[in-house]
Amino acid sequence: MQHKPSKNFVWSGGLGLILLSTALAYLLPQKSFMDEPLPQQGFSQDASVQVLSWKLLQQYDFKKKTIPPELRDFVGQKIRLPGFAVPLGGDLNSIRDFLFVPDQLACIHVPPPPPNLVLLVHSGKGQNINDLRGALWIEGVLTLSPSTSQYGAAAWELEADQIMPYKQPPS
Amino acid sequence: MKYSVIGLSLASMNNRRLCTFLCMFSIAMSVALLIGVQRIREGARESFNNTVSGTDLIVGARTGPVQLLLYSVFHMGNPPNNLSWHSYQTFSQHPEVAWTVPLSLGDSHRGFRVVGTDEQFFRYFRYGQEKQPEFCNGQRFISADDVVIGSDVAKKFSYQLGMKIILSHGISDVSFHDHDDTPFRVSGILCKTGTPVDRSLFVNLAGLDAIHHDMDHSHGASSGHHHHHHDKEDIQPSSVSAMLIGLRSRTTVFHVQREINHYTQEALTALMPAMTLSELWDIIGIAEVAMFIVSLFVVFAGILGMLSSLLTTLNERRRELAIIRSLGASPADLFLLLLSESLLLGLGGCLMGMLLVYVALWIFHPLAESWWGLSIPVHLPNMTDALILGGVLLLSTIAGCLPGLKAYRQSLSDGLTIRI
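Those protein sequences? They're chains R and Z, same order as listed. Going by numbering that gives the first Met the number 0, the residue at position 97 of the first sequence is 96; the numbering climbs one at a time, nothing skipped. Going by numbering that gives the first Met the number 0, the residue at position 212 of the second sequence is 211; the numbering climbs one at a time, nothing skipped.
Think of the hints as simulated: they come from the structure by calculation, not from any bench. Among these hints, one or two may not hold up.
[Unchecked claim] Here are the in silico distance ranges between beta carbons for each label pair:
#1 Gly6/Z - Ile17/R: 12 to 20 Å
#2 Lys155/Z - Asn129/R: 33 to 41 Å
#3 Gln92/Z - Arg71/R: 32 to 40 Å
#4 Gly110/Z - Arg132/R: 37 to 45 Å
[Stated by the list, open to error] Which chain R residues stay away from chain Z? Per the calculated CB distances, all over 12 Å, these:
#5 Lys54
#6 Glu69
#7 Arg71
#8 Gln76
#9 Gly123
#10 Lys124
All C-beta atoms in this analysis are idealised placements derived from N, C-alpha and C, irrespective of residue type, glycine included.
Construct the complete structure from the given sequences, taking the supplied hints into account.
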């Protein structure tokens with residue numbers, strides 16, 4: 000009686016492929032911001048994107064409503080900024096708006112950040128709360144929008160294109 | 000003679016139908032448990048996440064933020080104290096505040112919570128993706144004895160517009176302290192929102208306070224009904240349980256929050272809803288991890304059951320395997336045979352498990368909604384489900400290597416004559 004061993008190999012090959020792909024699904028890293036090459040700390044690969052410092056942002060005087068020229072140059076430009084996100088809105092799986100501040104707001108001994116150190120960030124793609132934990136880099140176009148607040152004539156806003164975890168530069 | 004490993008496995012399993020069914024069923028139960036737990040988790044998160052949006056701060060008497068969020072928005076637990084009307088007015092008139100909504104809690108109607116508020120609620124309260132609660136019937140309250148009811152309340156008791164209902168003190172189903180004197184008239188029924196709004200009744204603050212005012216007076220009153228309708232509109236509330244605040248500029252939220260938390264005239268707590276919700280999830284997350292680990296162990300138990308039954312029947316099948324060998328199968332083919340059996344058992348278990356999940360969801364979906372307000376999502380298997388099923392398949396196939404190896408070694412030593 001003859002048998003066809005090749006048929007068995009086909010079956011076992013097929014099974015093996017299915018199992019291998021399932022196993023790989025677990026072993027391969029999930030797509031995340033970590034996969035993208037991290038920008039150089041301090042400046043971007045893309046020359047048009049500049050890193051902004053919080054000290055410069057603070058120079059916008061919200062009481063007198065004046066803005067120094069070196070800061071005014073950044074308004075309307077794409078910038079990169081490190082900081083911490085504070086989510087707004089109800090759906091924590093798809094956060095489209097959040098506030099961006101320079102520190103983690105845990106310390107009760109100092110006042111909270113003044114309005115010129117808070118950015119209202121809009122993200123076109125809803126972010127998951129887990130992606131907004133810890134220190135982050137954000138990149139996007141900075142704008143100064145008129146606000147009806149007594150604290151200032153305008154508030155910082157940013158349309159975020161990229162949000163990625165912050166890594167300490169090697170010292 | 001041509002044969003295929005799969006066909007042979009199926010024939011062999013068909014011969015031992017009961018054993019096969021039991022193995023598949025135990026895997027099916029564990030798969031159903033794992034996926035069911037995921038579904039419940041998704042449902043809980045979605046219903047919590049979609050409950051309030053567009054509110055910058057929630058303020059109440061000094062208490063923990065998670066507790067304040069739970070009783071003010073989710074109607075779980077009770078406020079330990081109220082905030083005074085004076086503080087409410089002070090912060091309503093704060094230059095940074097655009098709007099406020101007062102909330103007064105503590106009463107109920109046949110197990111459903113009554114919320115005292117004003118027309119600001121219907122203008123500013125939002126849920127989900129900035130959706131506003133809509134009226135499916137009628138309109139919001141005009142006079143002090145009007146009540147607006149949520150869709151679940153209306154459905155459960157078949158309430159219609161114009162009906163009179165009585166509110167009770169406290170929040171149990173049964174109350175010995177009814178506000179009999181002051182029936183409320185249903186002026187509006189809200190459409191379904193999928194939030195705790197559906198399980199609430201809304202009355203005017205003035206009306207609620209009037210009941211309590213009457214309550215103080217009519218304690219011990221023996222005769223007749225005191226109709227205090229003319230008083231209701233004049234009474235100013237003395238306190239509220241919580242307030243929702245919308246700011247003129249969202250970037251000032253930290254300042255206003257700090258100001259309220261440090262208010263010297265009254266001990267208050269102001270919370271940011273998204274931040275506090277995220278804290279709540281961190282706490283619940285620990286329980287979710289525990290449930291997931293328990294479900295994982297149940298899966299292992301199911302697969303071990305399959306493994307033990309395969310190994311024990313291997314002894315009985317030595318003759319069967321010897322015959323297959325005599326027909327030209329190699330020991331490697333026997334290994335594949337056992338492996339494909341465990342794969343098929345795993346596959347059958349997964350499919351049966353998914354079926355169980357859908358049947359259970361079909362039964363429990365309306366029950367979960369009416370008991371806990373939990374809307375468990377019913378959808379086709381998504382990525383998480385696929386990963387779980389793939390993992391179970393992988394595990395059961397790896398487990399199949401053990402009987403496979405045993406069959407391989409047995410067939411080498413047995414040949415056609417089985418030596419016991």
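Hints versus structure:
At about 18 Å, the beta-carbon gap between Gly6/Z and Ile17/R stays in the expected band of 12 to 20 Å. Between Lys155/Z and Asn129/R the CB atoms are about 37 Å apart, so this pair conforms to the stated range of 33 to 41 Å. Gln92/Z and Arg71/R have their C-beta atoms about 35 Å apart, which keeps the hinted 32 to 40 Å range intact. In this structure, Gly110/Z and Arg132/R meet the distance hint of 37 to 45 Å, their C-beta atoms being roughly 39 Å apart.
At roughly 18 Å, the least C-beta separation between Lys54/R and chain Z is larger than 12 Å, which holds for a residue marked as non-interface. Every CB of chain Z lies more than 12 Å from the CB of Glu69/R, the least distance being 22 Å, so the non-interface label holds. A cut-off of 12 Å between C-beta atoms confirms that Arg71/R is not in contact with chain Z; the least separation is 19 Å. Its beta-carbon lying about 20 Å from the closest one in chain Z, Gln76/R satisfies the requirement of being farther than 12 Å from that chain.
Non-interface status of Gly123/R relative to chain Z is upheld: no Cβ of that chain comes within 12 Å, the nearest being about 15 Å off. No Cβ of chain Z comes within 12 Å of the Cβ of Lys124/R; the nearest lies about 15 Å off, and the non-interface call holds.
Comparing the model with each earlier hint shows no violations; every hint is respected.
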